[in-house]
Amino acid sequence: MAPGSPAGSPPPSPAGSSPGVLRIGNASGFYGDRFDALREMLTGGPLDVLTGDYLAELTMLILGRDRLKNPDAGYAKTFLRQLEEGLGLAHERGVRIVTNAGGLNPAGLAAAVRALAERVGVPVRVAHVEGDDLLGRGGWGDGVLTANAYLGGAGIAACLRAGADVVVTGRVTDAALVTGPAAAHFGWDLTGPDRPDSPNDPDRPGDLDALAGAVVAGHVLECGTQATGGNYSFFTRHDIRRPGFPLAEIHADGSAVITKHDGTGGVVDIGTVTAQLLYETGGARYAGPDVTARLDTVRLDQVGPDRVRISGVRGEPPPPALKVGLNRLGGLRNEIVFVLTGLDIDAKARLVRGQVEDALAGRRPAEVRWELARTDRPDADTEETASALLRLVVRDSDPDVVGRAVSGAAVELALGSYPGFHVTAPPGKGVPYGVFEAAYVDASEVAHTAVLPDGRRVAVPTPLRTAALEPVPAPPPPEPLPAGLPTRRVPLGLVVGARSGDKGGDANVGVWARSEDGWRWLAHELTTDRFRELIPESRELTVIRHLLPRLRAVNFTVEGLLGEGVAAQARFDPQAKALGEWLRARHADIPEVLL
Numbered sequence: 001m002a003p004g005s006p007a008g009s010p011p012p013s014p015a016g017s018s019p020g021v022l023r024i025g026n027a028s029g030f031y032g033d034r035f036d037a038l039r040e041m042l043t044g045g046p047l048d049v050l051t052g053d054y055l056a057e058l059t060m061l062i063l064g065r066d067r068l069k070n071p072d073a074g075y076a077k078t079f080l081r082q083l084e085e086g087l088g089l090a091h092e093r094g095v096r097i098v099t100n101a102g103g104l105n106p107a108g109l110a111a112a113v114r115a116l117a118e119r120v121g122v123p124v125r126v127a128h129v130e131g132d133d134l135l136g137r138g139g140w141g142d143g144v145l146t147a148n149a150y151l152g153g154a155g156i157a158a159c160l161r162a163g164a165d166v167v168v169t170g171r172v173t174d175a176a177l178v179t180g181p182a183a184a185h186f187g188w189d190l191t192g193p194d195r196p197d198s199p200n201d202p203d204r205p206g207d208l209d210a211l212a213g214a215v216v217a218g219h220v221l222e223c224g225t226q227a228t229g230g231n232y233s234f235f236t237r238h239d240i241r242r243p244g245f246p247l248a249e250i251h252a253d254g255s256a257v258i259t260k261h262d263g264t265g266g267v268v269d270i271g272t273v274t275a276q277l278l279y280e281t282g283g284a285r286y287a288g289p290d291v292t293a294r295l296d297t298v299r300l301d302q303v304g305p306d307r308v309r310i311s312g313v314r315g316e317p318p319p320p321a322l323k324v325g326l327n328r329l330g331g332l333r334n335e336i337v338f339v340l341t342g343l344d345i346d347a348k349a350r351l352v353r354g355q356v357e358d359a360l361a362g363r364r365p366a367e368v369r370w371e372l373a374r375t376d377r378p379d380a381d382t383e384e385t386a387s388a389l390l391r392l393v394v395r396d397s398d399p400d401v402v403g404r405a406v407s408g409a410a411v412e413l414a415l416g417s418y419p420g421f422h423v424t425a426p427p428g429k430g431v432p433y434g435v436f437e438a439a440y441v442d443a444s445e446v447a448h449t450a451v452l453p454d455g456r457r458v459a460v461p462t463p464l465r466t467a468a469l470e471p472v473p474a475p476p477p478p479e480p481l482p483a484g485l486p487t488r489r490v491p492l493g494l495v496v497g498a499r500s501g502d503k504g505g506d507a508n509v510g511v512w513a514r515s516e517d518g519w520r521w522l523a524h525e526l527t528t529d530r531f532r533e534l535i536p537e538s539r540e541l542t543v544i545r546h547l548l549p550r551l552r553a554v555n556f557t558v559e560g561l562l563g564e565g566v567a568a569q570a571r572f573d574p575q576a577k578a579l580g581e582w583l584r585a586r587h588a589d590i591p592e593v594l595l
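For what it's worth, my numbering labels the leading residue of the sequence shown as 1, then goes sequentially.
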């Protein structure tokens with residue numbers, strides 16, 4: 001058998017599929033996404049593979065706490081409920097299912113899928129991928145609940161080549177749900193061109209370009225309807241009340257067309273795809289365990305209604321180390337929101353803050369954070385719109401310090417503080433919060449294993465060629481617009497879109513222009529210094545800017561903005577989901593020719 005050739009007989013292509021094209025859909029962008037999506041994707045049009053992404057940094061913490069209560073838990077139970085109907089539909093249509101819903105217990109979920117298949121009478125071959133769970137190796141420090149390496153798609157490919165109908169994984173990269181099926185289908189080499197029997201030219205990176213294209217397509221699909229108009233800056237221009245889930249038509253060279261089933265809601269255009277490409281990324285090199293994709297080589301073309309072609313993506317060898325996501329319990333957290341209504345808002349805030357601080361002086365929590373949100377309006381016609389919110393967040397390892405001490409300090413002020421005193425909810429006990437951090441281990445130290453439908457365990461080799469990750473030299477900016485153009489002071493969002501998100505304690509904000517002239521203005525206007533002016537809480541932090549001319553975009557990483565990660569809830573918007581929209585709402589002097 002030639003390297004990378006599929007083993008066994010894959011199911012026939014669904015009616016409507018094109019020869020040489022692999023149609024991969026997505027039915028979940030997170031644990032809790034639209035329940036009916038799996039059925040909708042299976043019945044809405046032709047597919048070869050249906051993927052589901054259920055894992056995020058916060059999800060791993062949730063599953064870790066589930067596993068503490070029940071060692072047999074640790075996977076996304078929603079997926080099983082979706083399969084009760086979906087398993088038969090997939091079998092009828094010859095669609096393979098690949099999902100990371102296995103979380104911390106892929107073997108347990110695979111067994112549950114087999115039991116379900118027997119109960120509903122659907123003959124399916126189930127495989128799973130394991131080896132990502134590194135908790136048992138120790139050395140991670142105190143309180144670590146989960147320690148999982150981000151695996152690539154090679155284990156998934158091995159399972160599919162062995163004839164699996166359903167492949168369940170633990171922590172793999174989101175894009176691996178696409179690179180694995182694509183590598184299995186097209187025979188791409190996931191171990192690199194230096195293998196003695198590889199047909200690739202040793203001076204070229206073999207199938208890395210094709211793999212990089214699949215990584216980019218996988219990144220677009222991974223968050224479900226964010227690629228079809230969901231969470232989109234220009235949402236008012238489209239009907240996105242119920243956007244359809246995306247799919248990618250992948251070709252043998254790694255190029256792909258992003259689209260959706262006919263008749264579904266939402267939109268797929270260059271803007272929606274650009275927004276998702278920028279989401280939770282950084283510079284030009286987008287590293288993963290299979291390949292490092294060069295985002296500065298991506299070309300997007302609108303090739304029809306709801307059809308965007310991705311092409312030109314170059315790939316480089318992956319880095320030698322795998323990222324390991326660590327979740328640990330950071331302590332306990334409590335929150336009280338005081339409602340301040342009417343006049344003298346600032347004075348009311350000063351009064352109650354001083355009273356609470358005095359009450360906490362003897363048992364002050366390790367961390368105390370106050371934030372006043374001026375949601376009030378003058379001469380408001382409802383009490384709610386006449387009110388501001390003063391938010392107190394405390395953290396400590398002692399449950400009494402964040403619980404009884406804080407609750408008592410607030411309750412005892414009920415009749416002796418500012419006029420109109422009340423809170424949004426009764427003070428309660430402290431609740432546990434989590435902390436996310438990243439570590440790195442050499443890929444050779446991780447026992448990436450494919451457990452095939454017949455129970456055989458196959459060790460998945462690591463790539464033979466790797467390359468340390470280095471930043472790409474900054475490209476030259478475009479020619480600026482002519483000087484002296486008349487301007488108007490208006491919101492940035494009139495001419496640019498944005499998408500933001502979290503990576504551990506860092507936030508990323510991708511900003512793109514909708515026209516070439518807009519790009520010429522954006523690249524010179526939105527510098528790191530200007531970004532800090534517009535987003536004041538970033539002024540004392542490291543802000544890194546990346547230019548991506550082919551996407552007409554600038555991508556910012558704000559290090560440390562989110563503290564210890566989303567589970568720590570250190571910020572009003574703990575995942576920075578709305579940071580880009582805040583930036584778009586800031587005012588700038590924008591040339592009138594762009595408006």
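Take the hints with a grain of salt, since some may be wrong.
[Claimed, not checked] Computed list of lysine to aspartate or glutamate pairs in DMTMM-like fashion (alpha-carbon distance at most 25 Å, straight line): (1) K77 / D33; (2) K503 / D400; (3) K323 / E437; (4) K503 / E280; (5) K429 / E335; (6) K503 / E384; (7) K323 / E335.
Calculated directly from the structure, the hints in this document are not laboratory data.
Comparing the hints with the structure gives:
For the hint pairing K77 with D33, the CA-to-CA distance comes to about 13 Å; that is within 25 Å, so the pair holds. With a C-alpha separation of about 32 Å, the suggested pair K503 and D400 falls outside the 25 Å cut-off, and the hint is violated. The suggested pairing of K323 with E437 holds, with an alpha-carbon distance near 10 Å, which does not exceed 25 Å. Of the pairs offered as hints, the one joining K503 and E280 holds, with about 7 Å between alpha carbons and a cut-off of 25 Å not exceeded.
A threshold of 25 Å between alpha carbons decides the hint, and for K429 with E335 the separation of about 9 Å falls inside it, so the pair holds. Pair hint K503 plus E384 does not hold up; C-alpha atoms about 35 Å apart against a cutoff of 25 Å. A hinted pair counts as satisfied when its Cα atoms are at most 25 Å apart, and K323 with E335 does not qualify at roughly 33 Å.
Against the hints set out earlier in the document, violations occur for numbers 2, 6 and 7.
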